[in-house]
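What follows is the residue order along each chain.
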Amino acid sequence: MNKSFKATCAGLALSALMAGGALANPYEEYAGTTLIVNFPAHPHYNAAIKVLPEFTKQTGIEVEVDQLPYLKMRERQTLELAQEEGEYDLISYVVFSKADYVFADQLENLAKYFMNPKLADPNYDAGDLIDGYVENIGVAGGFKGYLPGPTGSLFGIPFGSETSVLAYRKDIFEKHDIPAPETYDQLLDAACKIPEVEPGMGGMASRAASGHQASHAFLLHLAPLGGRVFDDQWNPIINNDAGVQAANALKTIVDCGPEGAMSFGPAEAANAFANGDAAMFLDSIAFMPGFENPERSKVVGKVGYAMHPKGVRRGSQTGGFGIAIPKNAENKEAAFLLMQWLTSKEGDLMVAMQGGNPSRFSTYQNAELNEKYPFSATFGEALKYADPDWRPIIPVWGKINADIGTTMSKVLTEDLDIQDALNGVAERTQAVMEEAGYYTWK
Amino acid sequence: MFLAPAAIIMAIALLYPLGYMVWGSFRDWNPSQTIGEAEFVGLRNYIFLWNDPNFRESLGVTLKFAFFVVTLEMVIGVGLALLLDRNIRGMSVLRTLFILPMMIAPVVVGLMWRYMYHPTLGTFNQFLDSVGLPRVDWLGDHALMSVIIADIWQWTPFIFILTLAALQSLPRSALEAARIDGATPWQQIWHIKLPLMMPVLIVTCLLRLIDAFKVLEVILVMTEGGPGLSTEILALRISRTATEFRELGVAAAMSNYLLMLLMLLTLAMFAYTRIQEMRAARLRAQIEEEG
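Going line by line, the protein sequences match chains G and D.
323 is the number that the working numbering gives to position 323 of the first sequence; each next residue is one higher, with no gaps.
254 is the number that the working numbering gives to position 254 of the second sequence; each next residue is one higher, with no gaps.
Warning: the hint list may mix true and false statements.
Partial list, computed: chain D residues near chain G (C-beta under 7 Å) [claimed, not checked]:
(1) P31
(2) S32
(3) P119
(4) T120
(5) D137
(6) G140
(7) E224
(8) G225
(9) P227
(10) G228
(11) T243
(12) E244
(13) F245
Derived from the structure by calculation, the hints contain no laboratory data.
For clarity, every value in this text was computed on a predicted model and none was experimentally measured.
Glycine included, every Cβ here is placed at the ideal spot set by N, Cα and C.
Chain G extracted, bound-state conformation (with noise of 0.2 Å):
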């Protein structure tokens, strides 16, 4: 064997070594890859926006972010999805969208990214994730088409889903000797008795905004006090007695809250309570770290965070956001990738560190984001009782949750006898039902 021969052996060996290392790094084949994302103008996809950089620095590929308003978001989705050839390689979706996007077929099954070696992490470990929002967010075909079961598949990963708890002033509630409210009942009386000790100061602060907000503040409290939407056979059954109630309920947090607090949408009934004006605010964990923020929030220090209150059964709200792939994105397998890493458990932690909802149970142990998040431990707790069901992902439902948010919006407003307004609710959503074809094998 001569010289020559050898050191052409021993650089194709170097070759293939190198190739060998490059194959080892998933991400090389997509470095220098722009991927555009779709987020919504949101806390933890403002804390997501945040690590982004370190996502390119490790991997080599580059994320542009289009971030509109939640609600604009889903317009623009609507158009962007339909074309054959969609701007967007990642989008964040609102829970109550996947049914509809799922339906149409505008969104990659992930099944086929998860079996893949060359994309699927190994140490990813999903069964890290918190369950209740995997199936919430990700899982459509199963049970109902909204919930895991033998025909259910996965289309989207949790990211920046919300359960609810309970925010309320130490101070005051220590200060009248209330007690921190762990019933509905104990909910509602110190929501009326805040504003008689404390003048000028409401009781809850709460969504309230006709149509979807109204009628998430409605669904709030559905749960817990032992209500559904519908039946196991799709009868809406919003106006039996646990309809009523929850109406009630929030027509009490309402009428006893802070001045204004008809036309709250989420952001203006965590400023009252950030403000000081409410000293309760009952919704998603999204804005608790706001009310430790002292440049955003008179009231660091003195809010205690505790359990959704319980009414027949704990039932605290899942929702928030998802991640999915576009059937017509351009970077499919890169935007896996991302898609991947942000959930990872390093990217979830980062993430998290920032401000952001963790969608892992590892991240809510974590000791560290716990010293920084005290209230983080209340939220892992509360995790254990977010009901996915809390409310219908059904493709229909935009104009069943527009008909409860308006009409909610009008028990609120103009008095409407509670029995009646969701006896029409019921019966127009019987309506959409049958229209649907839910009624079609009867």
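Starting from the known structure of chain G, fit chain D onto it as the hints suggest.
Structure of chain D alone, referenced to chain G:
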């Protein structure tokens, strides 16, 4: 003949989208289908809307909104133009400042007014607090009035700027002659300026009316159509029907109802404009003859 290609392109560019919308309104069409895939349902979407109380309520809100904003904007805009139609020091700066609101993006206008109407932190309630008056639930009990005020703030300058241009193009000799003849400022306005400007005023009014029927972003940001449906104008309902309810066919039918309504109003106003133009022409001829 030379103009034919341009005319054909223009006709296609204008008529194709319109035809697409009309065709879509006869179909059970959702965003996951091409228009060709959607089932043809004839007049079903139109009949559904005719019987839909929410659509009727939105139509009522739209008519109320359009009537109040256009009337008030015309009165204030024309009044200000008459007031500022003179050569005094600093007037050009004032005029420039006055038209600033209409240069601001509607979403920003909506956000700005939403915060000014905030129940506790907003400018208006803080002012009411400072003078000892009770606070007002601007976006609750008085939501429609509040969005009307925001629209007036933004779009009165549009009326002002067109009216001022029309005023400044009036024959100065006629106004001078009237002044020499002893006509009071009010008589000059009522008998000379307004009649001469009337064709311009009608077109201005029509443009604002069309715009008022289509306003969307400001209301979406300020009230999201609530409380209840009290500020849900048709444009907002159309947008919701298309995106939230995913019923493109129904949204297209609703758009066509709006289009028909605006066409009727436009035809009526053009007919009125024609009458006013003839009157203005007669008046001009009379002034020139007397001059």
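Each hint tested on the structure:
no.	hint	result
1	P31	5 Å, holds
2	S32	3 Å, holds
3	P119	3 Å, holds
4	T120	6 Å, holds
5	D137	6 Å, holds
6	G140	4 Å, holds
7	E224	5 Å, holds
8	G225	6 Å, holds
9	P227	4 Å, holds
10	G228	4 Å, holds
11	T243	4 Å, holds
12	E244	4 Å, holds
13	F245	4 Å, holds
Of the numbered hints listed earlier, not one is contradicted by the structure.
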